[in-house]
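Engineer: If you're matching them up, the sequences are chains A and B in order.
Just so we're aligned, residue 1 is where the first sequence starts under my numbering, counting upward by one.
Just so we're aligned, residue 1001 is where the second sequence starts under my numbering, counting upward by one.
Among the hints, erroneous ones may be present.
Said to hold, decoys possible - Which residues of chain B face chain A? A few of them, derived with a C-beta cut under 10 Å, are:
1. Ala1452
2. Ala1561
3. Ala1562
To be verified - Label pairs and their calculated CB-CB ranges:
4. Pro1430/B to Arg3/A: 26 to 32 Å
5. Leu104/A to Val1394/B: 28 to 34 Å
6. Thr60/A to Arg1333/B: 54 to 60 Å
Hints in this document: simulated from the structure, not taken from any laboratory.
For glycine and all other residues, C-beta sits at the position ideal for the given N, C-alpha and C.
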Amino acid sequence: MRRSVVANLAAHGYRVVEAGDVASALRSWDAERPDLILLDLGLPDGDGGSVVRRVRRESTTPILVLSARGAERDKVAALEAGADDYVTKPFGLAELRARVAALLRRTGGQAADPAGMVSLGPVTLDVVRHVATVGGTPVDLTPREYELLKTMLSNPGRLLTKARLLRAVWGTAYADEGHYLHVYVSRLRRKLAAADQAGETRDLIVAEPGVGYRIAEVERPRR
Amino acid sequence: MTIRRRLCRGDNRLVANWLRFETPAGTADTRAVTDRVYHRRVTSLVQLPRRPVFEPQRVLIAAVGTVAGVAAASVVVAALESPLVAIADASPVYLVSVVLVGSRFGMWAGIATAIASFLTYDLLFTEPRFSLIVADPRELLDLVLFLFLAVVVGRLSALGLERAAEATRRASESNALFAMSRILAIAPDLEAAAVEIVERLVRETGLDRVWIAVLRTGQTTILADSEPGQPIPVSAFTTSLVRTPGDAPAKWVRSHDPKAAGAASSETRSEILRVRMEADGALIGALKATRVRASGQPPRETTRLLALAADQLALAIRRDELRREATEAEIARQGDTLKSALLDAVSHDLRTPLASIRAAAGALTDPDVTLTDDATRSAGAAIDLEAQRLDRLVHEVLDLSRIEAGALRPDLEALDIRDVVEPAVDRLRPMLGDRPVTIDLPDDLPPVRGDAVLLDTIVGNLVENAGRYAPAPAPLAISAAAEHGRIRLVVEDGGPGVPAQSQAQLFDKFYRVERTGAGSRRGLGIGLAVVRGLAEGMGGGVEAGPSALGGLRIVVELPVAATPPADAPSSLGSAPTAGAEAAASPGSEPARTPR
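Just need the whole structure built from these sequences, with the hints factored in.
Structural biologist: In structure tokens form, the structure reads like this:
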């Protein structure tokens, strides 16, 4: 599988450095400092999570994790350790390339612009006035929903794990609320959809069952 | 208390019998083992004596009876021989005493009465009075007759008493037997029955503590204990019931083993009674009890009850084992059936995509064939398509095996079912073809309590199932409603449907509705089995029935999750304040009802 991935990425103009195990991966990391790391969690000589942690200590280089289906816990653990996104095996090469391109494009979290506005697609947040609008139509949000939306809009193209959203919105002591995250997100999405005549917010927040939510990119064509 | 150190070296049978307790069943050379164990550990081996027959109370009562009988007879004789009645020889009156006393108190009392009667009569009523000189040989004849009668009557009455005692014994034995079989028959399982029997034994025998040690696969486990939780007592003194085949009465044999584990620290005033439990000649375990150490055997009643209980328990345990073995064999057999069904399915359904993949790959790698770019791409696309199909099949099998292995660990959360249904339908729309799809999920539906990944699989499998067996343009409708604290998710189609008699089996693995024609054999027939497994794993259920659309209607029922209360009203339009920030912190969140 590695061979065809490498060949395909190389054919699309990427320079690829291969590593077959954790030790050589870390050696390549030290020597090459790549722009992006593709990491299979099922490495022969150990836990891929250790690579994620090591790289995260030293840099914000994007990490895309490849994991087996059904191993939601492993995925979440890798994402919590600092990985940016994942692709489930078996995957199509086109899908993989799209994820790689998205991660390379990403310029880190978008802070509010000087005017205090955060926007993604048709949705705009006025951070100063705590107002959300969709295509100019104001949306009536509760404080929770507002915080959720702000966190999401600040991370376009990112995969946000449940734990991360909970920490951002509820703080570290979220305890029971965790079970309700989906319901809050659901309400938020419905409010956005109700205010959105063009139907552009439909794919803005995409649920990844068992992992969290993926936030669309502005530039990315909608699926 | 003295221990009679009568080592039973001479009585080989006894030693061998007793030592069978120590020897695992089936040891070929019993003697070799017995000698070794005997010399190494047991310092004394004593057959306990039967309870002494001498009972002072009974003797006293018999003596009183004898005296009273003789006295009464003497008074009557005196009256009869008085000048008033003037019967010359009233000595036969004593016969009445002899018979009465003999029948009431036994042979020895009868003999005593006979002799006492003779002496009294001789002393008081014959000339010369107050002397033992027998002048009349007739008196000697009387004595002999009295003695004879006493022996005969005594024997007869003793026999009667013994028979009566025997009858009582048998009655109580069969009562106990009946009670125990009843316990064993009624109790929900062997453990419960054993506990009840143990308690009954404590109640009826007055033993301090009774427990059942069972030997299973070389390990001793305690099946039941009258004082559960307490450490099992240890004693250097173990008294075992030795039962030999045939009519020989059971014997209690005490062994003294000063080196027994923990014996030194344990109380030496008590001993352990042990009754071996065996069935089909194999050692199953032992019924054990503690009692205060005594030189005599336990009472016969106790011995009998313990022996009976041991036999009944041995049979019950053996039966339980056989039943368990039969169940295991049945499970193994079903497992085999499952495996062959799986192999069958694998050979048919997994090979088809593999064959296509290999054919396409063969075309691509053939050095003699130059393919056009379009042909190459279409071969690649075929490989991709078939590989996806293979992936779905493997996924299904993996889901099923996770359910079967009990490895399902649902991560239960409150979910909006619309967020699950809509993406799943979107994802599968390509395979649904051109057909009307209705999704009717009310806005006010309470959240469902489930695992997002598993629920997604359920919806995906149901939609796929409908897409596969109800070919387009048959309509597909998905709806949900809340009812009695449950969410009922309904997926129905306008396809050919499933005959009523097959609906019950629909959720069985590898079950496929018999169908003729194209597309009749697609899928492993485990998609719905997975749906049921997952739904049950999340505390829900499934049912199938006919749909108003004409096809199959499948209902998945899942528990409703508590609705989280809406948080503080919107701060829309207000300036950012510390208050608004605080409202978003966990501390100010209203208390939630626990899930």
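Engineer: Under the constraints set out in the numbered hints, which ones does this structure not fulfil?
Structural biologist: none
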